Amino acid sequence: DTGVSQDPRHKITKRGQNVTFRCDPISEHNRLYWYRQTLGQGPEFLTYFQNEAQLEKSRLLSDRFSAERPKGSFSTLEIQRTEQGDSAMYLCASSLDLSGGETQYFGPGTRLLVL
Amino acid sequence: DAKTTQPPSMDCAEGRAANLPCNHSTISGNEYVYWYRQIHSQGPQYIIHGLKNNETNEMASLIITEDRKSSTLILPHATLRDTAVYYCIVRPKYNNNDMRFGAGTRLTVKP
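For the protein sequence lines, the chains are A and B, in the order given. If you count by this note's numbering, then the first sequence holds residues 1 to 115, one letter each, in order. If you count by this note's numbering, then the second sequence holds residues 1001 to 1111, one letter each, in order.
These aren't lab readings, by the way, just hints derived from the structure by calculation.
Partial list, computed: chain A residues near chain B (C-beta under 7 Å): (1) PHE106; (2) GLY107; (3) GLY109.
Owing to the predicted nature of the structure, the values given are computational and were not obtained by experimental measurement. A virtual CB, placed ideally from N, CA and C, is assigned to each residue, including glycine.
Put together the whole structure using the sequences plus the hints.
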């Protein structure tokens, strides 16, 4: 257990529905990252926050995806109008960054299945 | 794209050392070599990282060649619980959001 928690751990939804995932980082970690992982592949970067500011978004993050970290603590990732191609593991990681060089610690992930 | 090349799979006998290679021929002087592993259906677990020198912690040892173009992760006494996908990642020293995972090496530890 790294101290990063994610909820829910599993989500099954029907195509077209909206889903929201939550990530609680290690306490006092100022950076929070979201990744997506499809079967047989390594995690792919989606976006990251420094405190409450979203500083970078991958081209993978279509306009149906939105992420927030309103108070610089927990974060949510919402997918609107889900598609079958959104089926994946969504991973959250956090780090305590003072100079940009610190290690990321990952949560257990949320596995999404879109029917 | 990942900046590293790893064999897709390896086997190791339980109790023996597991040596996982990684090629990173285009690594620059200010880039770390990081290793994570992912046990089935779990999030990636940090193992170890290094810049130039060899590193050791309670989980593993990291041997980086002098020219830094390749490295080896060593699990000294592999157990069945070490069966996982191992990812070698090259990452800028001062920019830890540039983490590019490849497909990794699937290590199977056999009894």
